[in-house]
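Asker: Single-letter residue listing:
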Amino acid sequence: MTETVRILYVDDDADIRSIVEFALEDEEGLTLELCASGPEAVAKASTLRPDLILLDVMMPGMDGPATLQRLRDQAGLVATPVVFVTAKVQPQEVAHFKSIGAVDVIAKPFDPMALADQIRDLWMHCRNG
Amino acid sequence: MQKPQFPADEAQRLQALRALKVLDTLPEERYDRLTRIARQMFKTSITLVSLVDAERQWFKSRQGLETIETPRDISFCDHAILENRIFYVSDATQDPRFADNPLVVGAPNIRLYAGAPLSTVDGHRVGVLCIIDNQPRCLTAEELQALRDLADCVEVELQQAHIHQAADTLRHWENYLHTVLNTVIDGVVTIDEQGIIQSFNRAAEHIFNYTAPEVIGKNVNVLMPEPYCSEHDAYLARYQATGEARIIGIGREVAGRRRDGSIFPMDLAVGTATLEGVPLFTGVVRDLSERQRAKRQLDETNHLRQAILDSANVGIISTDIKGVIRIFNKAAQRMLGYTEEEMVGKPNLVLIHDPGEIAAHAKALSKELACSIEPGFEVFVAKPRRGQVAENEWTCIRKDGSRFPVSLTVTALRDPQGEITGFLGIGNDITERKKMERMKNEFVSTVSHELRTPLTSIRGALGLVLGKASAGLSPKAQQLLETANRNSERLTLLINDILDLEKIESGRLEFNFKLLDLAALARQALAANEGYAQQHGIRLHLNEEVPQAMVWGDEHRLLQVFANLLSNAIKYSPKNGEVAVSVQPASNAYFRVGVKDNGRGIPAAFRHRIFQRFAQADSSDTREKGGTGLDLSITKAIVERHNGYIDYYSQENESTEFFFELPVWQEVIEADHPGRTRSRVLICEDNPDVASILAALLEQEGLSCDIAATAAAARSLLTKVPYRALLLDLTLPDGDGLTMIRQLREDETTHEVPVIVISGRAEEGRNAWSGDALTVVDWLRKPVDSERLAQALDQALRQGRFPRILHVEDDPDIIQITQALIDEAAEYAFATSLREARPRLQAEHFDLIILDITLPDGSGLSLLDEISSDSQVMLFSGLESKTDELSQQIAAVLVKSKTSNERLLATIKKLIDKY
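In order, the protein sequence lines correspond to chains A and B. Per the numbering used here: the first sequence = residues 3 to 131. Per the numbering used here: the second sequence = residues 1052 to 1966.
Just so you know, the hints here were simulated from the structure itself, not pulled from any lab data. Every residue, glycine too, gets a C-beta built ideally from N, C-alpha and C. Keep in mind that a hint or two might mislead.
The calculated lysine-lysine pairs, modelled on DSS-like cross-linking and capped at a C-alpha distance of 30 Å, are [what the hints assert, rightly or not]:
#1 B:Lys1622 <-> B:Lys1527
#2 A:Lys90 <-> B:Lys1554
#3 B:Lys1565 <-> B:Lys1949
#4 A:Lys100 <-> B:Lys1491
#5 B:Lys1434 <-> B:Lys1373
#6 B:Lys1947 <-> B:Lys1961
#7 A:Lys90 <-> B:Lys1622
#8 B:Lys1771 <-> B:Lys1833
#9 A:Lys90 <-> B:Lys1519
#10 B:Lys1771 <-> A:Lys90
#11 B:Lys1833 <-> B:Lys1485
#12 B:Lys1434 <-> B:Lys1450
#13 B:Lys1485 <-> A:Lys100
#14 A:Lys46 <-> B:Lys1771
#15 B:Lys1491 <-> A:Lys90
#16 B:Lys1418 <-> B:Lys1565
#17 A:Lys100 <-> B:Lys1961
#18 B:Lys1771 <-> A:Lys100
#19 A:Lys100 <-> B:Lys1554
#20 B:Lys1346 <-> B:Lys1381
#21 B:Lys1554 <-> B:Lys1485
#22 B:Lys1486 <-> A:Lys90
#23 B:Lys1961 <-> B:Lys1771
#24 B:Lys1960 <-> A:Lys100
#25 A:Lys90 <-> A:Lys100
#26 A:Lys90 <-> B:Lys1485
#27 B:Lys1960 <-> B:Lys1947
#28 A:Lys100 <-> B:Lys1565
#29 B:Lys1565 <-> A:Lys90
Label pairs and their computed distance ranges (CB to CB) [to be verified]:
#30 B:Trp1820 <-> A:Thr33: 47 to 55 Å
#31 A:Ala97 <-> B:Thr1800: 18 to 26 Å
#32 B:Thr1782 <-> A:Ser20: 40 to 48 Å
#33 A:Asp65 <-> B:Thr1800: 21 to 29 Å
#34 A:Ala97 <-> B:Arg1664: 26 to 34 Å
#35 B:Glu1799 <-> A:Arg8: 27 to 35 Å
#36 A:Arg8 <-> B:Gly1452: 53 to 61 Å
#37 B:Phe1494 <-> A:Val91: 14 to 22 Å
#38 B:Trp1820 <-> A:Arg8: 44 to 52 Å
#39 A:Val91 <-> B:Arg1664: 16 to 24 Å
#40 B:Gln1846 <-> A:Thr33: 49 to 57 Å
Construct all of the structure, not just a fragment, from the sequences and the given hints.
Answerer: Shown next as structure tokens:
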């Protein structure tokens, strides 16, 4: 598998960012870019052009859904799949996230050892579906 | 033989005889002694007191004769009553009237007969005292006189019969009066003109506590307290002199005095009569002590009730059975701003409730009670009427129009026979509670997030060390880290469960109810838990005793119930055990699902705690078996939200079976159209109160809705969901509604969505609108008129071009899957037979008809002729069909077993895409 999937992970919690970084380092086919806030993500994404964006929901200032809206407003990011990584995983919350444009939701806390596979599955699903 | 003539007074004579009431009575000594004396005196063989009846002579007393009567026509006595003097025959054989008489020729061979007639006081000769002998004999004048004297004695006795009779009658009436007087509940006291007591009945004895003999003969004033006691004699005298009455003929409430001197209130009525020229006064007395005590008690109860009503800080409203208000207490007046006068006596409950909310409740209740409940008063009382508790939250509207939330409990008021006489509603203003709830929700949600965030790092760090960096760790360190990791996982589950339980129990967790097949769900649950069972070496087995078990439920939550019960059963099963799941009807009204293991069972002592939080029979279980100890509490809460019931049977060291029962789904007659997907409408409104009112109105119209608080959210939703209409506020936090309409019209995906403006600035907006007038269906002012909104919605729904699909299919699983696949892409309706499909095809237009071929009442293909030519047809059945043999109208043919969900959806979408 030679294709590389570029992932943008956005979370205001530095510890979680480093966990994600650690979990995905050395994972074949995945490259990771980290952002600590919505505005940073919006700024970076337009140049970075990630294949998949992972967004925390509860962030100070611009939260996940708001960040999603802003990302969608940008040319080239209209169709980029976005996944929320959140503790808000009640069925109607998940339904809500999907209704505003998320392709899926990864529940926090997540299993770090399974994260890479989870992301690959999501990516396969997005690319084929 | 010569018969005598009838006496001239025969008719009156017989009447007089019968009036004596002596005929056919028993012998009496007072007559018998006279006949005995006569026999002794005259030494005759027979003496009789003979009474001459119409056809016979009957003997009241007889000596020397056995027979009690003989025919009148051969009797001597019949001759004897013709005259007043004694009738005397000395030798009957020598008398031509009697010589051949059978009584002369044969026994008793009468020779001598002398009879003295017996007369009544009125002079009617009714009988005879006679002496008879079988030897001829002459009687002297003295003897005849003696006979007459004895006859006079008999006459006296006969006349006394009258007196006895009169005495009997008198006795009877006396008894009767006595009984009446002694059984009436009123005291009856009679006095003479001096006020002396003449009679005193039993009730009077009871009331005054005197016996009759104690007071009869005494002045009635012993029964009176002062001043009546001293005044009474003078009063009586004055009455007799002047006729001036205070009580006589009037009756009034006065005081009485008992033997012990105690004074009591009584009702006294006095009547007066004159008996043999002497005035007699009759007093009728009723003791009022009891009545006054009862009245005092009633007054006290009423005062207490009023005090409770007035001081209660909950609103209390009671109505009659029709909803007319009877009580509207002070708290209700304060809460709602209406006065008692404005509400009591009027059916004004509608004033304080939101019609939209009432309609929504009516709909929900109709479904729940499986009968049609009209929006109106019935919505509040339908459950209490059925003996159920009705506890609901309502929005109440004050007189000034402001709204507030109320928790209202309604109970039926019943009379002792159990008939409902009215209803009682107790309402609490829960504004504060709501606020607290909201704060608590936010707190719980924040805390859960705040807990999960560090937990994400902890769990992540531990997982990574163990997964990627454990190479250099000592076994001890590795073990410690594993413990930490396992417990971080447990903590995660615990937080999830606590939140779940909190939400389910507080009713805040929304359940997504729909029609489900429990049997299919059981299959799904078994498949999902198969892996877990295998890990534990357990076989799962399903006993389906019904092919289908339709219930009204939330699929996700019921799967959670299955998962919890299955994982418990698996955990507690012995190695290589089996867990058996069964689905069966429990009664007509319930389906029952059982999950049975052959584990060690549950100790009986644990039964009362099993469904409590953090309950485990053995505290070591938590660590050994995993789980949070909340599973069963959650399971129970979910089952109860489905109006179901959960329990278990267990035999220690043998088996445990947990089971739950859910109500069998029943089609509601009132349901708008069976099998029709509800059209979805988007509400764009930033004020949550207004939005929820609109949502209720939409619900009332049979529409479902989403709410977007901002223009951005609305735009985003509109691009994803094919809404049938948009209700739009003009003033939005992030923009102007008019601008938004323009943007929507420019965007290809949204340019056809019908818009209904609902705004305080509707008029203004309409005037300012420079675009095509037709792009907005209607401009409605707030507060919105529900009638006008309904019209606008009707128009909007007709305008929107939304494809409609009819699925003719008898397999509920396929219907369910197809419905879920199509979701919001089209309006979906289904029919399960030809009979159901035909009227719909005639009455409605469908863009696509999906046909199953094998239907319970024939082939789906037979519908082809009835489908209009502008509808598309797709065959979706278990049978393979050659397309070219079929109608050209058929646009696609799919075979069930060979078609994936994706392909099915893609085909449907392609066919309806042009709409």
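Asker: Could you run down the list of hints and mark each one as holding or not?
Answerer: How the hints compare with the structure:
1. B:Lys1622 <-> B:Lys1527: Roughly 28 Å between the alpha carbons, so the hint for Lys1622 (chain B) and Lys1527 (chain B) holds.
2. A:Lys90 <-> B:Lys1554: 13 Å, holds
3. B:Lys1565 <-> B:Lys1949: 28 Å, holds
4. A:Lys100 <-> B:Lys1491: Measuring from Cα to Cα gives roughly 26 Å; hence the hint holds.
5. B:Lys1434 <-> B:Lys1373: Holds, because 15 Å separates the two Cα atoms, which is no more than 30 Å.
6. B:Lys1947 <-> B:Lys1961: 18 Å, holds
7. A:Lys90 <-> B:Lys1622: It holds: about 29 Å lies between the C-alpha atoms, which stays within 30 Å.
8. B:Lys1771 <-> B:Lys1833: 28 Å, holds
9. A:Lys90 <-> B:Lys1519: Roughly 28 Å separates the two Cα atoms, so the pair holds.
10. B:Lys1771 <-> A:Lys90: 22 Å, holds
11. B:Lys1833 <-> B:Lys1485: 25 Å, holds
12. B:Lys1434 <-> B:Lys1450: Holds. Lys1434 (chain B) to Lys1450 (chain B) sits at ~28 Å (cutoff 30 Å).
13. B:Lys1485 <-> A:Lys100: 29 Å, holds
14. A:Lys46 <-> B:Lys1771: Given that 30 Å is the threshold and the Cα spacing comes to 26 Å, the pair holds.
15. B:Lys1491 <-> A:Lys90: 16 Å, holds
16. B:Lys1418 <-> B:Lys1565: Roughly 12 Å separates the two Cα atoms, so the pair holds.
17. A:Lys100 <-> B:Lys1961: Given that 30 Å is the threshold and the Cα spacing comes to 24 Å, the pair holds.
18. B:Lys1771 <-> A:Lys100: Status holds; Cα separation ~10 Å.
19. A:Lys100 <-> B:Lys1554: 22 Å, holds
20. B:Lys1346 <-> B:Lys1381: 26 Å, holds
21. B:Lys1554 <-> B:Lys1485: With a Cα-Cα distance of about 15 Å, the restraint between Lys1554 (chain B) and Lys1485 (chain B) holds, given a limit of 30 Å.
22. B:Lys1486 <-> A:Lys90: 22 Å, holds
23. B:Lys1961 <-> B:Lys1771: 18 Å, holds
24. B:Lys1960 <-> A:Lys100: Between Lys1960 (chain B) and Lys100 (chain A) the Cα gap is close to 21 Å, so the pair holds against 30 Å.
25. A:Lys90 <-> A:Lys100: With a Cα-Cα distance of about 13 Å, the restraint between Lys90 (chain A) and Lys100 (chain A) holds, given a limit of 30 Å.
26. A:Lys90 <-> B:Lys1485: 22 Å, holds
27. B:Lys1960 <-> B:Lys1947: Distance ~17 Å between Lys1960 (chain B) and Lys1947 (chain B) Cα, so the pair holds.
28. A:Lys100 <-> B:Lys1565: Given that 30 Å is the threshold and the Cα spacing comes to 21 Å, the pair holds.
29. B:Lys1565 <-> A:Lys90: Holds, because 24 Å separates the two Cα atoms, which is no more than 30 Å.
30. B:Trp1820 <-> A:Thr33: 47 to 55 Å: The hint (47 to 55 Å, Cβ to Cβ) holds, given that Trp1820 (chain B) and Thr33 (chain A) are roughly 51 Å apart.
31. A:Ala97 <-> B:Thr1800: 18 to 26 Å: Taking Cβ atoms as reference, Ala97 (chain A) and Thr1800 (chain B) lie about 21 Å apart, which means the hint holds.
32. B:Thr1782 <-> A:Ser20: 40 to 48 Å: Holds: the Cβ-Cβ distance is about 45 Å, inside 40 to 48 Å.
33. A:Asp65 <-> B:Thr1800: 21 to 29 Å: 26 Å, holds
34. A:Ala97 <-> B:Arg1664: 26 to 34 Å: Given range 26 to 34 Å: holds, Cβ gap about 28 Å.
35. B:Glu1799 <-> A:Arg8: 27 to 35 Å: 30 Å, holds
36. A:Arg8 <-> B:Gly1452: 53 to 61 Å: 57 Å, holds
37. B:Phe1494 <-> A:Val91: 14 to 22 Å: Since the Cβ atoms of Phe1494 (chain B) and Val91 (chain A) sit about 19 Å apart, the hinted range of 14 to 22 Å holds.
38. B:Trp1820 <-> A:Arg8: 44 to 52 Å: 46 Å, holds
39. A:Val91 <-> B:Arg1664: 16 to 24 Å: 21 Å, holds
40. B:Gln1846 <-> A:Thr33: 49 to 57 Å: Hint holds: Cβ distance 54 Å, inside 49 to 57 Å.
Of the numbered hints given earlier, the model fails none.
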